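Enquirer: Quick mapping for you: the protein sequence lines, in order, are chains A and B.
With our numbering applied, the first sequence has no gaps in its numbers, which climb one by one up to 867 at the end.
With our numbering applied, the second sequence has no gaps in its numbers, which climb one by one up to 867 at the end.
It is worth saying that the hints were derived from the structure and are not from the lab.
Incorrect hints may have been included.
No distinction is drawn between identical chains; accordingly, a pair holds when it is met within one copy or between any pair of copies.
Said to hold, decoys possible - The list that follows gives simulated cross-link-like pairs (lysine-lysine, DSSO-like), each with its CA atoms no further than 27 Å apart: (1) Lys-600 / Lys-491; (2) Lys-275 / Lys-336; (3) Lys-412 / Lys-552; (4) Lys-600 / Lys-777; (5) Lys-653 / Lys-552; (6) Lys-588 / Lys-342; (7) Lys-600 / Lys-588; (8) Lys-412 / Lys-491; (9) Lys-588 / Lys-275; (10) Lys-336 / Lys-588; (11) Lys-653 / Lys-769; (12) Lys-342 / Lys-600.
Quick caveat: nothing in here was measured; it's all calculated off a predicted structure.
2 protein chains.
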Amino acid sequence: MPSYTPPLRDQKFIVHEVLDAVNVLRAAPRYADLDADTANQILEESGRFCAEQLQPINRSGDQEGCRYDAASKAVQTPKGFRAAYEAFCAAGWQGLAAETEYGGQGLPHLLHIAFYEMQYSANQAWAMYPGLTTGAYELMLVHGTQAQKSLYLPKLVSGQWSGTMCLTEAHCGTDLGMLRTRAAPAGTDGRYRLTGNKIFISSGEHDLAENIVHLVLARLPDAPPGTKGISLFVVPKFLPEGDGAAARVGARNAIHCGGIEHKMGIHGNATCQIVLEDATGWLVGEPNKGLNAMFVMMNGARLGVGVQGLGLNEVAYQNAAAYAKDRIQGRSLSGPKAPTLAADPIIVHPDVRKMLLTARAYAEGGRAFAYWIALQADLQEHHPDPETRKFAADMMALMTPIVKAFLTDNGYNCATTCQQVLGGHGYIAEWGMEQFVRDARINMIYEGTNTIQSLDLLGRKVLQDNGARLHAFGALVRELIEECGTDPALNEFVTPLADLGEKVQKLTMEIGLKAMQNADEAGAAAVDYLRIVGHLVFAYFWARMARVALARIAADGTQVDPFYVAKLATARFYFQRLLPETAFHIRAARAGAGSLMALAAEQF
Amino acid sequence: MPSYTPPLRDQKFIVHEVLDAVNVLRAAPRYADLDADTANQILEESGRFCAEQLQPINRSGDQEGCRYDAASKAVQTPKGFRAAYEAFCAAGWQGLAAETEYGGQGLPHLLHIAFYEMQYSANQAWAMYPGLTTGAYELMLVHGTQAQKSLYLPKLVSGQWSGTMCLTEAHCGTDLGMLRTRAAPAGTDGRYRLTGNKIFISSGEHDLAENIVHLVLARLPDAPPGTKGISLFVVPKFLPEGDGAAARVGARNAIHCGGIEHKMGIHGNATCQIVLEDATGWLVGEPNKGLNAMFVMMNGARLGVGVQGLGLNEVAYQNAAAYAKDRIQGRSLSGPKAPTLAADPIIVHPDVRKMLLTARAYAEGGRAFAYWIALQADLQEHHPDPETRKFAADMMALMTPIVKAFLTDNGYNCATTCQQVLGGHGYIAEWGMEQFVRDARINMIYEGTNTIQSLDLLGRKVLQDNGARLHAFGALVRELIEECGTDPALNEFVTPLADLGEKVQKLTMEIGLKAMQNADEAGAAAVDYLRIVGHLVFAYFWARMARVALARIAADGTQVDPFYVAKLATARFYFQRLLPETAFHIRAARAGAGSLMALAAEQF
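Chain A extracted, bound-state conformation (with noise of 0.2 Å):
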């Protein structure tokens, strides 16, 4: 059976060590009583909860699957998932970075993304409940009305209730703006009736809450066509009565599931078919600018999904690491390490300590990486300085999709790799690997497939604004390598940082110029692009930390803790065997758009 121990020495490492997050949150006034033995507490309380309430019913949960009642269209969880939701908002939990005015804790982002990363190590189909209503809180409070926010965002921060995302409809996922759901207003009281088919709705139908606020995008009757006549609205499962706390739910709303999909993982989330039939809705934000206000909420998935793809990178190198030193089988090639034993445990191997490393280093480098972007997000929003908020603003737009894009297929492909390391039981379901691989696949795929994410990167955060967010992004990666230029033990990190900076820069002007030619060049490069500029943010934050390490072990000698000889080694390792990788995405970038579109469509 697999296991998962929360992190949390390598969380304190980054959140303290390396971001040194308490003293730079203090800066603003919504944070300035933060201290660092609260941060630590709540790591390992809400660490103790995943592993101890989550965990246990992840394999469970991926073996029984939701179950779907067409009678009733309800929709039934795996058994342990409602117990464990209750115990989660009975402690609070859902409201941990959410705003004290509506019951929240008012707790950093980052903290809260410590507690998603160890969550979705635990249990992602569990997390991605929670996941999206704190999607829909988030979205509510910037465009809701006051009244919707005082009768909606109360219930989700306790998590009372429950929230979706309606997007996707059975002939537009990417594209939305071919989507078909109609909304059109029903009276004077500012009601509408909301009427079309949505698929994939994650968390769309359960058994967990008492109601489920679903945000739908729908056309009004008026509206252009394309992305730029799409509206949204809330569409509550049981019609609210009352407001606020005190609300409670009234009628059965004309919103349905119709059925969920059978899937590669995360069994334990039901993905449905949502049918809305002259369901009662409200607009939420302007008319035609549900997109934008959806953007809210998606942006916000984008970097939870990239924290999914964290924690399943995390849990997976733990059940690998688990097995390699218990799994006696075959000597060291360079002689017996375990004499005593008929054959030495298989951490002995080169190749399976390569397999392990390549999953720790994608795992500590995605968490500072991704611990750092939740830091922006709440300097962004609370931090007093105009310029450290719109630094911040700049990294969260363009770091958004190097996070949902990056971290998931490392989250896949080292789940992958650590599956390796078991041999033919990494195969077998009770060994929990094989659920990794299943679970982690979704990440790619969801919240705007990864070669969106690319797209998005390059053209959108990086060529129309020719590069200036990526700039400031250079600007800290310089600044490092300026501090650390003297030091001679620095230097295998800083060197190939410094070498990777200046190609990302060329061949961001030389993609920027073909694309002018031709956008298909864009769309040729972007997948690698990204992959470039993942390792350039990795070189940075693994440069940080082996900088953090090396000065521990100088000044601690030979009383250092283990813990920060292992980061170096793992900097080493990424630096010399990870980063390497680059050589071929550059080259690939490079290759241009010709091959690609050489074949005639009736070719393939």
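Starting from the known structure of chain A, arrange chain B on it as the hints suggest.
Expert: Positioned in the frame of chain A, the structure of chain B alone reads:
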């Protein structure tokens, strides 16, 4: 629902135009009468069988799985599996490449491998039942006594009896030296009594054949420890009575299925725990030489598993290409391509094409490679010239781990890539793509993990003979380069091929020297090394295919079959977009063992 069309056009291209196989084979007396029409007819008829009989029960077989009944210890295969098996046997397909002396058709391995590819595209789980029978046949043909051959081979050739290979035990898979199953002589008629527990036995119990011929590794009472004390036994499910075609099944033997595994994929194939309780068996080959004998079956199985990777690569490509041409979503970045539709088919997007071309180039390259190896198997056995036989044997030895590991890595990665083309639908079971991914995953694991293959390649097949076999392949590469050297149209293929050839030579020397100092250096480089040599092989075959295509384009001008234009374009794609992966792996392979071995085991 997924579909499958046998890739006959491409198969014939490789068999006739690239390999000129019929003429090459006719130099062997056994194949003196072979003609192209017969070969084509076999391809067509066997392809029809796969498409019509096997493909329709692939998804239902996955959903239904095998059922184990604990009371009777019987396994029920999914609906339709038995009928397809009966049709397969009735048509004589089991004996396609078997000796006519035992009822086979005596056709070349080449055609059998092509048939395998189509079987695996259509239904890997089903195809593993007869696949193991072929392995058992080949082993018994080489190592059985005359009496064993005359008893078992006709039954295996007809498919009336099926085969298994019983190697793995719970505590040993890779390291068979630790196996514990015991065989004790029983009486004077050459019988043994076998006792032990085997796991992960594919096709270990089922309802397809009248009898199951288990080939079991076990230890004799006086056996030395380790791999030098392993013997091979034939342990039939039912004890045979009579002989040859007239043999029939007698008493039930004490070899039973103790349960089947729940696993990620190949649900239609029973992966069995096999319990031997004083089961009756007969020694095959010499005492304590069982592992050598089993290697006949394992080498054949490794080639077969590589072709499983190819088969899934191909069928995943076909379904993703069909979806990409059909699904309309979004507009081409370079302007609408289907202005009369609401959106363009997604095949207009460069990255969708890149994903498809990746799968296609790996499938077509893998097909050329695998078919060439199958041809070497025929030449090794039947060519009159001893040097040709020696060269073929060397190529078989050198290339077996590459076929196994490179084609199965490609198969899984391409299945994943093709799944991505379908977006959300790729994750939904009914579209079939996720099954291809789950099924393809096992191929990287069984018959020796891909790490084991890489150690076999670098250690045993390259370094142990000082690169002689690799040099023999290098001579083929140089010959091609010299032949093409004067043709400027071939430069784009031949130049990178020559460049990679030189790099492989240098890298091999470098790793060899380092490994003499420290054997872990071989283990640290092996997986990257296999991937690099795999690309050298693919670059060689893609250059050969490009040459044939260019010649046809030159000869036929505007009347040329578009097949050749597509082939040339795919060759260009391979060289521009896939081959550059070697830049990464060369750097990684050269990085050495240091960063892998730095951490103590307890630091993982």
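Enquirer: Taking the hints in turn, state whether each one holds.
Expert: Cross-check of the supplied hints:
In this assembly of identical chains, Lys-600 and Lys-491 lie within 27 Å of each other by CA distance solely across copies; the values are 22 Å between and 66 Å within a copy. With identical chains, the CA atoms of Lys-275 and Lys-336 are never at most 27 Å apart, being 45 Å at best within one copy and 53 Å at best between copies. In this assembly of identical chains, Lys-412 and Lys-552 lie within 27 Å of each other by CA distance solely inside one copy; the values are 19 Å within and 77 Å between copies. In this assembly of identical chains, the alpha carbons of Lys-600 and Lys-777 lie at most 27 Å apart only when taken from different copies (20 Å versus 55 Å within one copy).
In this homomeric assembly, Lys-653 and Lys-552 come within 27 Å of each other (Cα to Cα) only inside a single copy, at 24 Å, whereas the closest approach across copies is 73 Å. Taking CA atoms no more than 27 Å apart as the test, Lys-588 paired with Lys-342 passes in neither setting, with 33 Å inside one copy and 42 Å between copies. Taking the closest pair of Cα atoms, Lys-600 and Lys-588 come within 27 Å of each other only inside a single copy of the chain (12 Å); across copies the shortest separation is 56 Å, beyond that limit. Taking identical chains as interchangeable, the C-alpha atoms of Lys-412 and Lys-491 lie at most 27 Å apart only when both belong to the same chain, with a minimum of 25 Å there against 75 Å between chains.
For the homomeric pair Lys-588 and Lys-275, the shortest alpha-carbon distance inside one copy (25 Å) is at most 27 Å, but the shortest distance between copies (49 Å) is not. In this assembly of identical chains, the alpha carbons of Lys-336 and Lys-588 never lie at most 27 Å apart, being 48 Å within a copy and 35 Å across copies at closest. Only within a single protomer do Lys-653 and Lys-769 lie at most 27 Å apart by alpha-carbon distance; the minimum there is 26 Å, versus 51 Å between protomers. Neither within a single protomer nor between protomers do Lys-342 and Lys-600 lie at most 27 Å apart by alpha-carbon distance, with minima of 45 Å and 50 Å respectively.
Hint check: violations occur at hints 2, 6, 10 and 12; the rest are consistent with the structure.
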